[in-house]
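Position 272 of the sequence shown, counted from 1, bears residue number 272 in UniProt numbering, the numbering being contiguous throughout.
Warning: the hint list may mix true and false statements.
Cross-link-like lysine to any residue pairs, in silico, SDA-like; alpha carbons within 25 angstroms at most [to be verified]:
hint : residue 1 : residue 2
1    : 278       : 320
2    : 316       : 227
3    : 278       : 125
4    : 316       : 226
5    : 321       : 362
6    : 195       : 390
7    : 278       : 193
8    : 397       : 87
9    : 195       : 316
Ranges between beta-carbon positions, derived for each pair [stated by the list, open to error]:
hint : residue 1 : residue 2 : range
10   : 21        : 292       : 24 to 32 angstroms
11   : 59        : 173       : 29 to 37 angstroms
12   : 292       : 104       : 31 to 39 angstroms
13   : 65        : 390       : 21 to 29 angstroms
14   : 65        : 44        : 19 to 27 angstroms
15   : 240       : 21        : 37 to 45 angstroms
16   : 278       : 65        : 37 to 45 angstroms
17   : 400       : 197       : 27 to 35 angstroms
18   : 49        : 255       : 48 to 56 angstroms
19   : 278       : 400       : 19 to 27 angstroms
20   : 204       : 104       : 18 to 26 angstroms
21   : 390       : 324       : 25 to 33 angstroms
Because the hints were derived from the structure by calculation, they are not lab data. Please read these numbers as outputs of a predicted model, since none were measured by experiment. Heads up, the beta-carbon is just placed ideally off N, CA and C, and yes, glycines get one too.
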Amino acid sequence: MGACSIRHKELQTNLKPLYLAVPEDVKTRWVSPENPTGEPGQGGMTNKGAKGNAFYVISPGETKTIFNVNGAGIVNRMWLSGTLGKNMIQRRAVRIDMYWDGAIKPAVSAPIGDFFGIAHGLIARYDNEFFQSPEARSFNFTIPMPFRESALITVTNESATELWLWYDINYTEVSKLPDDALYFHAYWQRDLNTKKGIDFEILPKIEGKGRYLGTNVGVIGDSLSRGTWFGEGEIKVYLDGDNQYPTLVGTGTEDYIGTGWGQGEFRGRYFGSLVSNKEFDIYAFYRYHTSDPVFFHNDCRVTIQQLGNTNVTEAKARRAKGIDLEPVWYQGKDSVPTYQGRLLGEHSNRNIYDEDFPNYVGVHFFRSDDVCATAYFYLDKPENNLPGLAPVEHRLKDLDSRVWKAKK
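My request is simple: use the sequences and hints to build the entire structure.
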């Protein structure tokens with residue numbers, strides 16, 4: 001069976017159904033502060049069998065190794081809790097890094113809250129295919145992460161306060177992985193002010209063979225656009241040599257996550273919107289591709305358009321205040337009895353600011369917002385060609401004034 005088609009539970013159980021057999025070449029291990037190595041018969045020794053070392057205290061600036069295993073295996077699940085459940089700054093300032101097979105560069109490098117499925121240092125209750133936060137005070141992932149020779153996971157506290165970390169990592173030792181088993185990767189980035197007309201890159205171009213698993217995205221609307229709808233941007237997936245135009249393209253942001261005509265709060269197995277604050281233009285949403293796989297053989301790039309919507313009356317009112325929108329498309333009855341959309345801007349001689357332009361039509365326009373995203377993917381190599389994680393100052397910039405005060 002090719003690695004791209006290995007299903008979650010099959011990989012976790014060495015390709016055997018749960019009820020058939022105990023595989024001879026598989027051993028179950030848990031790593032936690034009570035058994036930091038996961039070795040047989042070495043758990044709970046700190047206090048003669050009583051609870052004695054349930055968590056770590058990680059000082060500001062300190063990097064703590066929480067998983068260091070040699071040999072072949074599959075990380076199946078991780079749970080963590082502690083001060084992260086209460087501290088918004090730590091959820092964005094603390095970073096998690098994962099290294100496979102002795103690689104120098106991490107395959108995973110992301111703010112810990114964003115990695116576990118929600119942006120902006122926020123937390124919420126959710127339970128989806130990959131990530132869970134049952135009561136909005138802990139984080140879990142359930143994603144198979146194979147390694148052939150070794151695995152190393154570290155947590156770095158780049159906040160100004162002590163991090164108290166409870167965790168356990170569940171993995172299986174195996175004698176050998178399939179030759180074409182893929183490595184798990186995650187990439188995070190943030191653009192404080194996206195450029196109008198330039199798509200935001202959820203996943204910059206990666207090279208190799210693999211599978212795009214999906215993303216969680218955070219948006220903080222620009223104050224000049226507040227009160228209008230942010231989510232007209234289409235997802236584009238460029239595959240295997242695509243250049244100017246992609247092979248896969250959606251129809252809008254809320255459409256990509258399974259809803260439509262705007263975006264409220266909802267939680268689904270594969271897609272959802274954990275935060276939809278229209279008053280302050282704060283959004284956090286996700287889409288995971290499991291039953292609808294996105295495979296690539298040579299390269300992959302994923303973007304989202306920076307496109308919003310309002311009506312002509314509102315657009316004209318904003319122009320009177322010195323705010324010019326850049327309309328590119330409109331929808332509404334106009335000279336013919338239909339609501340079919342039409343082009344604007346450089347592709348048309350129509351101008352929404354003309355006196356005779358109907359006020360009741362909807363207009364799509366380029367926006368500039370604060371956008372971040374965590375992209376998840378499998379790749380046929382333990383390292384990728386993407387940039388490293390941005391400094392903590394960039395990760396935290398303006399969150400207190402633009403997000404956290406609005407959520408209090």
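Comparing the hints with the structure gives:
no.: 1; hint: 278 x 320; result: holds, 23 angstroms
no.: 2; hint: 316 x 227; result: holds, 14 angstroms
no.: 3; hint: 278 x 125; result: holds, 19 angstroms
no.: 4; hint: 316 x 226; result: holds, 15 angstroms
no.: 5; hint: 321 x 362; result: holds, 20 angstroms
no.: 6; hint: 195 x 390; result: holds, 19 angstroms
no.: 7; hint: 278 x 193; result: holds, 19 angstroms
no.: 8; hint: 397 x 87; result: holds, 16 angstroms
no.: 9; hint: 195 x 316; result: holds, 22 angstroms
no.: 10; hint: 21 x 292: 24 to 32 angstroms; result: holds, 31 angstroms
no.: 11; hint: 59 x 173: 29 to 37 angstroms; result: holds, 32 angstroms
no.: 12; hint: 292 x 104: 31 to 39 angstroms; result: holds, 34 angstroms
no.: 13; hint: 65 x 390: 21 to 29 angstroms; result: holds, 23 angstroms
no.: 14; hint: 65 x 44: 19 to 27 angstroms; result: holds, 20 angstroms
no.: 15; hint: 240 x 21: 37 to 45 angstroms; result: holds, 39 angstroms
no.: 16; hint: 278 x 65: 37 to 45 angstroms; result: holds, 43 angstroms
no.: 17; hint: 400 x 197: 27 to 35 angstroms; result: holds, 30 angstroms
no.: 18; hint: 49 x 255: 48 to 56 angstroms; result: holds, 55 angstroms
no.: 19; hint: 278 x 400: 19 to 27 angstroms; result: holds, 21 angstroms
no.: 20; hint: 204 x 104: 18 to 26 angstroms; result: holds, 20 angstroms
no.: 21; hint: 390 x 324: 25 to 33 angstroms; result: holds, 31 angstroms
In terms of the numbered hints stated before, the structure departs from none.
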